Each structure stands twice: as C-alpha cells, then as structure tokens.
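S.K.: Top line first, the protein sequences correspond to chains U and W. Under my numbering, the first residue of the first sequence is numbered 1, with each subsequent residue one higher. Under my numbering, the first residue of the second sequence is numbered 1001, with each subsequent residue one higher.
Among the hints, erroneous ones may be present.
What the hints assert, rightly or not - With the Cβ distance kept under 10 Å, some of the chain W side facing chain U (calculated, not the full set):
{"id": "1", "residue": "Lys1002"}
{"id": "2", "residue": "Glu1042"}
{"id": "3", "residue": "Ile1291"}
Derived by calculation from the structure, the hints in this document are not laboratory data. Computed from a prediction, not measured in an experiment: that's the story for all the values here. Positions of the beta carbon are idealized from the N, C-alpha and C atoms, including for glycine.
There are 2 protein chains.
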Amino acid sequence: MKPTRSVHVVGGAITPFIGKFHPDFIWKGHPDFGKRENPTIEELIHTVAREAMADCGLSGDSIDRGVIGNFVGECFVNQGHLGAMLAGADPGFRGKPFHRVEGACASGGLALYSGIEAINSGADLVLVAGAEVQTTRNAKDGADFLARASHYAEEREIDPFTFPCMFARRTKAYMEKYGGGLEDLAPVVAKAYSNANRNPNAHMREVRMSTEQAACASETNPTFLTNPEYRDWLKVSDCSQVSDGACALILASDAGLEKLGHGEERSVEIVSYGVATGPLGRVEDYTSMGITEAAAQQAYLSAGWNATDVEIAEVHDCFSITEVLLTEALGFCAPGEGLRFAAAGETTLDGSIPVNTGGGLMAFGHPVGATGVKQAYEIFRQMNQLCGDYQLARAPHRGIAANMGGDDRTCVVTCYRKGS
Amino acid sequence: MKPTRSVHVVGGAITPFIGKFHPDFIWKGHPDFGKRENPTIEELIHTVAREAMADCGLSGDSIDRGVIGNFVGECFVNQGHLGAMLAGADPGFRGKPFHRVEGACASGGLALYSGIEAINSGADLVLVAGAEVQTTRNAKDGADFLARASHYAEEREIDPFTFPCMFARRTKAYMEKYGGGLEDLAPVVAKAYSNANRNPNAHMREVRMSTEQAACASETNPTFLTNPEYRDWLKVSDCSQVSDGACALILASDAGLEKLGHGEERSVEIVSYGVATGPLGRVEDYTSMGITEAAAQQAYLSAGWNATDVEIAEVHDCFSITEVLLTEALGFCAPGEGLRFAAAGETTLDGSIPVNTGGGLMAFGHPVGATGVKQAYEIFRQMNQLCGDYQLARAPHRGIAANMGGDDRTCVVTCYRKGS
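Throw the hints in and build the complete structure from the sequences for me.
M.R.: Right under this line is the structure:
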C-alpha cells in the first residue's frame, strides 16, 4: 500500500533495552538491588513520548494522534488500556485520539501502520510508540504469556517454551530441506552480538559472542527445550532477549513538516507499507515465511522497488533461523541461500545489505511492543548518520523493515527513503 | 472527524450474548453441563465473520481488511493475536491486513475507528469485529482482569471490584452534587431489562426487573462492594453483565457498495466519528464525562449536527449512572438533568430519544470487545427495521453511538445517517 498523503519520520526516542546481563538491570545480584527498581511501563512510555517530542521541538498540543503497540501488558504488568496511559504523557494530549494496537511481536509495526493511516485520514503530526516490560516474571511464566501469540489451545503444549520450540521446528525443517546444522546459524548470532557491542542502547552491549561460542552448545549456552524432536535444534544463543524498553517516533504529513518549521533535512519518507496476516495455528510451510513474503510483495510493489534497491534492512530475528528466513522472504537471496548469504558477510555492517545494524532482537533486545517501532527508528538514525559506533560508512538512502508476529502470522513491512 | 471517503455499514452479524441467567449458558446447574461447552472465542469470532459476509453476500476474497476489538483475551482465554485468529475465519483472508485494537471497553469502537480509517486509506470492503469471552473465571478473578482498564498500580485497590466501585464513586458524587439517591437510577435499569426482554439475543432476555425491584437492595439484588465509602452506592442491578459474545460489521466505500452490487437500500452512512482519550488514573470530575464530551463534540461538529438531530442513541451503560452521565455528555439533556430525563421516559422505545433499545450493556449484555461494534449494528438494524419486538415504531434516520473505555478514559463516538 502507498500512503495517500506523504508520510515522514521526523524524529524519535528510545530507552535502553534492558534485562538479564545488562549492567543497568536491577536484579538480586545488582549492587542497587533493594535501593531502586527497574522503570515501570508507564515510565518507559512517558519517557519516550516526551523525548520524541523534544527531539522534534514539538509540544503536546501540536500532536494530532497517538498510537501504541504493546503485546501482553495485561499479563506481565497487569495493565491494558495503554492508549490512555500514553495520553497521560503530556497535558496537551487530553481529548485526542490515542489507542493501542496488538498483533503479538508485530504490535509495534501495527502501531506504525495505524500511524500511517492516521496521516492518510488527515492527521498532520502523529506520535507512534511501542513498549513492553517482561522482566517482572520468571522465564517459564514469561514463556506462557508469550504463547498467547500462538493458537494457545492448539499450540501451547508443543513445549513449556512454546515459541522457542516452534522456531526450533523451523530450524530442523529448514536444515533437512536445504542441508546444514544448527552450527551454521552461528554467523548470524555472532553478527548480532558484534553489532550490539557497538550500541549503547543494546541489551547485550557488554556480552561478547564469537562465532565459535555461538556454534557450540555449552554450559553457558545450553539447549533447553523439552520436546525431544526439537530439543537439539535451538540453543540459548539462538534466541532473542527478554527485554524491557520503549521507542517512539513522530510521523508528519507534508503539512506537519511545515508546522514543524524545521528538521526537514532529517526527515525520512515512508514510501510504502504492506501488512499481511495468516490464520492462527495454520502454518503451511516451516521452511519459508509466506505471510512475510505477502507483506513484502505489497510493500515492494507499492514502492516500485525490488530487493536490489535496499541498502539497509531491519528484520525480525526473534530466533537465528528467523533472520535467515526473512532475508529470503525479503528477496535478498534465494530460498535456501540464507545461510550462505549470512556466512559470506553480506548482512554485516560492511556487507551488501546490512541487516539489524544495532544488534537486532537477539542482541539489541526484544521488548516486544517496542520492536517494530525501533526498527523504523534504526533506519531513520542510520539514514541520518546518528548511529555512532555502528553507523554505516555510507548512509543508506533506501531501507526496509519487516516486523513479524507469532509464527509468521502477522507481518508489517515498511519501505523508507531519504534523498534520491 | 469526517471520513475522507464515504463509509457505509452494509450488514453484519451477532451471536447471542450469554452468561449467568441466560438459558443457553452452560454452567453446573444446566441440564447440558458436561455434555457440551460454551462457544470458544475462536468459534464466536469465526461465526460472526462468516455470518456478516453471508449477510452481505460477500466471499472472503472480496474483503480488503479486517480489524477486531478485544479487551483482555490474554487473561480470560490466554489468547492474544486475535487479528490472526480473525484471519482464520475464511481462506480468502490469507495475506491481508488484519489486526486487533484495544482501549478497554472502547475496544469495539476503536475497531470501528480503524475500519473507517482503512476506508479513508483506500480499502473498499472492511470486516470490523469485536469479541470477548469472560465466563471462564469467577467474579473476583474477572474483576481483577477488568481492572487492567484502570491505572492498575494506582487504582486497583479501591475495592476488590475496582470498576463497580469507581462508578459507585461517580454515583455518590453525582447525587451529592445534584440531589437524589441510588433508587433514582431504577428507571434506567428497568428500561434496560424491559428492552432486553424483547430481544432474543440479550443476555437478560428472560430476567424481569421492575422499577421497584431495581430501586431496592434485596437478597437477590444486594450491594456487594467492600469499600465503606462507596458500598451503599451500587447494587447488582446497577451493573452491566459479564457476557460472552461477538459482533461483526461490513463497512464499504462507495466503490465497495458498487462491488457489492446490491444492498444499497440497506446501507447506513457513518457521517462522522470522534475519538478522545484522557490520562489513565487522572479523572478530574466524577460528576461528568469530559472525555466522552470531547469525542461527542468532534463527532457532532464534523456531522454538522447537534443533539436535537439525534433520533436513536446507543450509549455505554456499563453501570446505571453511566447511562445518565452519557445522556448528559451527548447533550440530550443538561448536566444534572439526566435522572429526570430518564424518569420522564424520554429514553424508552417510545421516548424522544430512545437509548439502548436492545437492552444496553446492563441487559443486552457486555462482552467487552463486542460492545462498540454491537452499538453500530443496533443502529443499522433499527434504521432498517430489523429489530423485531423492540423495533422503534418509526425507523430512525439519524443515530449516535458512544462507546467508552475505563473511567471515561477512551471514548469513540460515531454518527449514522440513513435517508434524509
């Protein structure tokens, strides 16, 4: 789909993504344990909303609409109705349309989708936010909450860790079809950590992970599934992080850019968007991402692009296999070629199509509702050379983001352009 | 706000709203207990999606988009990602944009809002659904889940039944400001049950409630709050029902009407919409609904209407006081006049502005996410003389719906017109 009015990303804000192994994360081994607590979801949401407006020099009065992506706040923090919580960030928001969208891990991308359609509908300045807090509960409870992204009644029982097991199933199916072993995903993992080590906001900014470490199960990198069929097809290092964090963007129409009165030099245009959904619990092929492909086709077609136009990509690497499958679904390489594409370095910071330059879900972190918003913000920042130690040598002009929910059941793909 | 392209409601479907006291509701005292179960949320969603398409003679292929309102499926049925569950209703939906929106009890209204903006953005036929299942858990657990519509960390503890207590607080404040007692709300309650007794889909279709019964606390109609300040300001009969149910609509652009090739004579236009949000946990005045007023002002202004143009209203009577406050917020009567307005019969089936003709949330029932969609469907059905025993004598031409979430924190108001 093409926006019916021009849509520009004009600024944004992000909190650090934190959780286990992040130096600022408060847990029982932290020196500040008992003295202070990790930020609440309200603090995260209000922080990024205010900082995104400050980043653009905007007051709350000037914002026409707000939308927030969140997956499962009802379970982790007993909180729904986050549109109204976002509306509490500034007195100028009172009485305006704010709401929450949800599509599992694609919730942030859906917020972007709703923000674009708000501009289509006449809004000039829209606040798009995403947030999640997940560190309030232990890993088993968390896995159960996250299983609400699957068809719970039919799919929950595949393993106590439902989603890790569903993607181990994909790894097994992929390797059996195309050849290879779990160790062949190590370059994807090592690249994620290497990028995150350059990113001050990354959950894993201080954790090193070599290709060798990522390749082998070990005491610190064990397999952990119970399902005997899939247990050997996933290690801890193949998983994205359980993170807390938030991200917000300001979208503007052409009239919004004029109201802004500045910053046009930073603005990045959203040239097209695609959204696709598949029936929950009815995955047809574990070796490809058909719903993501459908969303990408919509977005490419409307942009008039093909994959060779892309200079930077943010893809939803909820597990290592997912990044491989998404590079194929976005057409960067042929089906079955994703492992070789990664191993050849094509997706690294100096590769032909840098993928997940800030570390992706595996190492930047994955506060679920924030992820899709963060993807757009990363592309905005790379295009504006704001990425510090992980800035690409040549700022990209054309970028794509693919934010996927569940087992390839909802996908939002967006295409970005800056300059020619 | 005015739709940027014409938006028409062209058909829909609804399940019965069921729960305690409904003859079809399976519980341990039901003769079918152990033999069959109440419908799952998936069955409800798929049923209304398919029946809404059948109502319009449409196949799944012809639907461009889908959106579903649901409040708290993550808690009651362990299920999020309902956009993808809705997408499972028909093979023709595969690969299309479907998503879920949430704004507490205004979730259904937000689905309508997103559906309108999808038409604004170029879609021609949009499926708008709402659903909730709440009877899986006991009343105390349910009250805790529903408290996620409040600012949980700050407001949960007002009472084990958070929301009933928040509205008892409004009742007390209103009566202290304007005079009156809890018994003065009885005509609002009795009208709701009287209407529902004519409605085969109503949760309370077989439960009688006279004004006298509604006026007095009794063994079958007790007060139940714990908070001593508010305990005497709410009885069971003042509350909406804990129901399971779903509703779906088909929205069409002008081009969508042409694709439909028929049914134009039934179509009802959505002439305007207003959406307003207030900061969670920061209600300024318990004796009025400021956020609902803001949404109504947006909608009236865009429609070029005032309250005297309205011939039928669906308002969010989550509690008896709420219907009174909403008739004031929508301008049907002045602030403080709502009790007298109701007592004078102005809101009954043969009143000047019939309100909640099918029984409203108190007696039609309140499957949360379905409610906002049902409101639109009720107006569509009244305008098309499809309401059977509760059909208004003169089919209305102009109607309004106000779907409110939390303690007046999110409100969606929509204006409908059929004919001149």
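S.K.: Now tell me, hint by hint, if it's right for this structure.
M.R.: Quick rundown of the hints versus the structure:
no., hint, verdict
1, Lys1002, "holds, 8 Å"
2, Glu1042, "holds, 8 Å"
3, Ile1291, "holds, 7 Å"
The structure meets every hint from the earlier list without exception.
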